[in-house]
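Chain A is already provided as a structure; the job is to place chain B on it using the hints.
There are 2 protein chains.
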Amino acid sequence: LSCVGRSRLSTKPTAGPAVIERIARSVREAVDECDLDLRQVQAVGVGAPGSVNPEKGEVIFSPNLPGWEHVPLQKALTKLLDRPVRVENDCNVCTLGVYHAELKAKPRHMVGIFLGTGMGGGLILDGKLFSGFNRTAGEIGHMVLEVGGSKCGCGNRGCFEALAGRAALFRRIQCGQGRTEDALDGHVGAGSKEPAERRFAQGAQARGQTGGTIVEEAAEYTGIAVANVINLLNPEVVVLGGGMIQQLEEEMMAIIVETAQDYAMTGTWKGVEIVASELGDDAGITGAAVLAQGALG
Amino acid sequence: LSCVGRSRLSTKPTAGPAVIERIARSVREAVDECDLDLRQVQAVGVGAPGSVNPEKGEVIFSPNLPGWEHVPLQKALTKLLDRPVRVENDCNVCTLGVYHAELKAKPRHMVGIFLGTGMGGGLILDGKLFSGFNRTAGEIGHMVLEVGGSKCGCGNRGCFEALAGRAALFRRIQCGQGRTEDALDGHVGAGSKEPAERRFAQGAQARGQTGGTIVEEAAEYTGIAVANVINLLNPEVVVLGGGMIQQLEEEMMAIIVETAQDYAMTGTWKGVEIVASELGDDAGITGAAVLAQGALG
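Protein chains in written order, with the numbering used here: chain A, 6 to 302; chain B, 6 to 302.
Next up, chain A with everything else stripped away, as it sits in the complex (with noise of 0.2 Å):
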């Protein structure tokens, strides 16, 4: 799989039907910009957010994109762009590309976790993605670990994106530090165009270890959140992926397996892997491309 062309556009998520005409012209963007005709195109990927119905490509429904309920999202994209499309889950698909095109589809079991403002996974299991009842597993990011700890956006206590996403990061480092944007760009810059997370650590290490001290524990509360996904589902690789291990692999990653080691069960945690993706961003397009090759059947 080699990435040829590529646009980007924000959701804008209240636009309602106006969203699946945006994805078309995005697709529509990314085939002109590497001089191709969308007929030369076999088939269409689609990571979508919330709960998906792959078979049906149907999004059942959608946290973050009010008033998506059982939108047939793979008819709707199909009629646009006459082409076949598939649909699954935005995690399900970065899942999807870290296995097959990272780890070529070695390994029989393999949970991958993206971190970043949200924190999802996504589960392959006996070499297939595992979605669940209502085709929603893999929601790492609300697993408790800290009962009565930090209040999260879901409304409850504890999760692991309330005490180790990067809003928890950026709250923390403002307690200490006046507003968050202000904190960083006093020592890496102001309009830094550098992602949140590099000038976070760089802010950090100017000012002495305190982030430093932030993140080392985001990573231990990480490590923590792998070792019961190993306990409980005991896969051969953990993967780490999204934003947060992109900019801070080398401060979090030897952590985070230490961590995990030390709270896996002996007998478990035996020829486990726990290993950072390189496909960073583009996770997601490397798994929609796979789940394009699907479609050609």
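Simulated from the structure, these hints should not be mistaken for lab results.
Computed from a prediction, not measured in an experiment: that's the story for all the values here.
Incorrect hints may have been included.
You can't tell identical chains apart in this list, so a pair holds if it fits in one copy or across any two.
Claimed, not checked - Here are the computed lysine-lysine pairs in the BS3-like style, where the Cα-Cα straight-line distance is at most 27 Å:
{"id": "1", "residue 1": "LYS80", "residue 2": "LYS133"}
{"id": "2", "residue 1": "LYS133", "residue 2": "LYS61"}
{"id": "3", "residue 1": "LYS133", "residue 2": "LYS109"}
{"id": "4", "residue 1": "LYS133", "residue 2": "LYS275"}
{"id": "5", "residue 1": "LYS111", "residue 2": "LYS133"}
{"id": "6", "residue 1": "LYS275", "residue 2": "LYS156"}
{"id": "7", "residue 1": "LYS275", "residue 2": "LYS80"}
{"id": "8", "residue 1": "LYS61", "residue 2": "LYS275"}
{"id": "9", "residue 1": "LYS109", "residue 2": "LYS275"}
{"id": "10", "residue 1": "LYS109", "residue 2": "LYS156"}
{"id": "11", "residue 1": "LYS156", "residue 2": "LYS80"}
{"id": "12", "residue 1": "LYS80", "residue 2": "LYS61"}
{"id": "13", "residue 1": "LYS84", "residue 2": "LYS156"}
{"id": "14", "residue 1": "LYS109", "residue 2": "LYS80"}
{"id": "15", "residue 1": "LYS84", "residue 2": "LYS61"}
{"id": "16", "residue 1": "LYS17", "residue 2": "LYS61"}
{"id": "17", "residue 1": "LYS17", "residue 2": "LYS133"}
{"id": "18", "residue 1": "LYS111", "residue 2": "LYS275"}
{"id": "19", "residue 1": "LYS80", "residue 2": "LYS17"}
{"id": "20", "residue 1": "LYS84", "residue 2": "LYS17"}
Relative to chain A, chain B alone:
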């Protein structure tokens, strides 16, 4: 499936190879109890603690059986009993029993959670037992729910088992009441034949709800553990079993379900059932019978 004879022997885990002879003796005694001949038994099913390879019929390792590493249990028992034998992990066997005998194998995905001194689990995914890479999946007792919480027998802190297991309950009541057994016996009579959990609940009641609060807390932790599993795996049914549920179902189940609902994601929760197993202590022998049926092809 109906039970026609039973026999119970302690494992005596330090006895080494004699443990297998004790298992064979127990089979012979159960057969004798119902006036059958061993030659009339079509197959034998065994649930063994630890990591088990059911295809090889081998106990890979077992933390509770010193020295058990790669023990060919199936082969040894087949030789001793001259009957077809199948072995599986004990929690998996309980899960099989619940799934086939109680749920008639109807749900596609089910998680069994067994609460007692130890806490174990078993996973049925896509209608089949799921064991993972090292055949240890389902280790729910060591899921961390409270970072830095109570010390667990495994050496870590904040594990579900350390927060809500039988030992944890008894330890808490001990703190306030001197020695547990004395405290219990003081209220319900020394040498009572009632199971410890029931005496515990009765003692708690007699003392005016202190113990009740402790049981409620255990139920809340259990509900959070169940929600973590639901968010991660999105099973259709979660079945709770084991000594604690058998004895404290009335006190715990409503709280477990309510707490799990609070912590499960809305879309994930829809239609998911949480039920108490009616099999009690017989989940294991029932599942072993299901396993034995499999040996008949």
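Taking the hints in turn, this is what the structure says about them:
no.: 1; hint: LYS80 / LYS133; verdict: within (24 Å within a copy, 33 Å between copies)
no.: 2; hint: LYS133 / LYS61; verdict: both (18 Å within a copy, 24 Å between copies)
no.: 3; hint: LYS133 / LYS109; verdict: both (13 Å within a copy, 25 Å between copies)
no.: 4; hint: LYS133 / LYS275; verdict: both (23 Å within a copy, 24 Å between copies)
no.: 5; hint: LYS111 / LYS133; verdict: both (12 Å within a copy, 22 Å between copies)
no.: 6; hint: LYS275 / LYS156; verdict: between (35 Å within a copy, 23 Å between copies)
no.: 7; hint: LYS275 / LYS80; verdict: between (45 Å within a copy, 25 Å between copies)
no.: 8; hint: LYS61 / LYS275; verdict: between (39 Å within a copy, 19 Å between copies)
no.: 9; hint: LYS109 / LYS275; verdict: within (22 Å within a copy, 35 Å between copies)
no.: 10; hint: LYS109 / LYS156; verdict: neither (39 Å within a copy, 40 Å between copies)
no.: 11; hint: LYS156 / LYS80; verdict: neither (39 Å within a copy, 54 Å between copies)
no.: 12; hint: LYS80 / LYS61; verdict: within (9 Å within a copy, 47 Å between copies)
no.: 13; hint: LYS84 / LYS156; verdict: neither (43 Å within a copy, 59 Å between copies)
no.: 14; hint: LYS109 / LYS80; verdict: neither (30 Å within a copy, 37 Å between copies)
no.: 15; hint: LYS84 / LYS61; verdict: within (15 Å within a copy, 52 Å between copies)
no.: 16; hint: LYS17 / LYS61; verdict: within (24 Å within a copy, 55 Å between copies)
no.: 17; hint: LYS17 / LYS133; verdict: neither (32 Å within a copy, 42 Å between copies)
no.: 18; hint: LYS111 / LYS275; verdict: within (17 Å within a copy, 34 Å between copies)
no.: 19; hint: LYS80 / LYS17; verdict: within (21 Å within a copy, 63 Å between copies)
no.: 20; hint: LYS84 / LYS17; verdict: within (21 Å within a copy, 69 Å between copies)
Of the numbered hints stated above, those contradicted by the structure are hints 10, 11, 13, 14, 17, listed in ascending order.
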